[in-house]
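Student: Between the sequences and the hints, there should be enough to build the whole structure, so can you do that?
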Amino acid sequence: AQSVTQPDIHITVSEGASLELRCNYSYGATPYLFWYVQSPGQGLQLLLKYFSGDTLVQGIKGFEAEFKRSQSSFNLRKPSVHWSDAAEYFCAVVGGSGNTPLVFGKGTRLSVIA
Amino acid sequence: DSGVTQTPKHLITATGQRVTLRCSPRSGDLSVYWYQQSLDQGLQFLIQYYNGEERAKGNILERFSAQQFPDLHSELNLSSLELGDSALYFCASSVSGRALSGYTFGSGTRLTVV
Chain A
1 AQSVTQPDIH
11 ITVSEGASLE
21 LRCNYSYGAT
31 PYLFWYVQSP
41 GQGLQLLLKY
51 FSGDTLVQGI
61 KGFEAEFKRS
71 QSSFNLRKPS
81 VHWSDAAEYF
91 CAVVGGSGNT
101 PLVFGKGTRL
111 SVIA
Chain B
1 DSGVTQTPKH
11 LITATGQRVT
21 LRCSPRSGDL
31 SVYWYQQSLD
41 QGLQFLIQYY
51 NGEERAKGNI
61 LERFSAQQFP
71 DLHSELNLSS
81 LELGDSALYF
91 CASSVSGRAL
101 SGYTFGSGTR
111 LTVV
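Chains A and B supply the protein sequences, listed in that same order. Counting in our numbering, the first sequence runs from 1 upward without gaps. Counting in our numbering, the second sequence runs from 1 upward without gaps.
Because the hints were derived from the structure by calculation, they are not lab data. Just to be clear, a hint being listed does not mean it is correct.
As the list claims (entries may be wrong) - Label-pair restraints from in silico Cβ distances:
1) A:A29 / B:V95: 22 to 28 Å
2) A:T30 / B:Q44: 35 to 41 Å
3) A:I60 / B:K9: 24 to 30 Å
4) B:E75 / A:N99: 19 to 25 Å
5) B:V95 / A:G53: 19 to 25 Å
Note that CB positions come from ideal geometry on N, CA and C, so glycine has one too.
Tutor: Dropping the structure here:
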């Protein structure tokens, strides 16, 4: 069965600084990978997804993620963080043909300081 | 507004009681997923319905049950409630029964059992 590990529970960055959130997955074949963001009191919103092809995917709000098969990773990046990016970020995976429900990591909480 | 409506937003009830959480999927979406979010367990998949039929089952307790009605709205029934059932319960919907088509999440129902 597939699983996701987000090693960082909480990260604090300064506004304007770059950001990288880590995600490692466990799955025998090529997985389908997702990043979601949850703002306080809100549901989860899809930031970006990787199915195949170019390993660098662009998402909304200026985020990007890179799939690295050799490292079983799908890290989320943003070159310059804004205060409004403070939220909880979830990496998710689904394997096979995508017929099984998404499996989520436990999330990384991002705080942004001035 | 994501298009997925969950009611109620907050629910406070006593141990041993039974509650019903309701979810209306985004217009056109046939599949509904229920997730439980707690601090220690993260986002745990409970159950999925597709066009009225149960499609997948996750870590759902026997005290919990769900159904999807002909108009595609879904209800999650939680009975014999325990303190540990306190959590945020999310509903998500998708067009098909596949995770690849993307999930749209509601803003959740926060359940507090006292």
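Student: For the hint 19 to 25 Å, verify it against the beta carbon of B:V95 and that of A:G53.
Tutor: holds (22 Å)
Student: Does the Cβ distance between A:I60 and B:K9 fall inside 24 to 30 Å?
Tutor: Once the Cβ atoms are compared, 25 Å apart, the range 24 to 30 Å for B:K9 and A:I60 holds.
Student: Take a look at whether the Cβ-Cβ distance between B:E75 and A:N99 falls inside 19 to 25 Å.
Tutor: holds (24 Å)
Student: Within 35 to 41 Å: is that where the Cβ-Cβ distance between A:T30 and B:Q44 falls?
Tutor: violated (25 Å)
Student: Take the C-beta atom of A:A29 and the C-beta atom of B:V95, compute their distance, and say whether it sits inside 22 to 28 Å.
Tutor: holds (24 Å)
When held up to the earlier numbered hints, the structure conflicts with hint 2 and nothing else.
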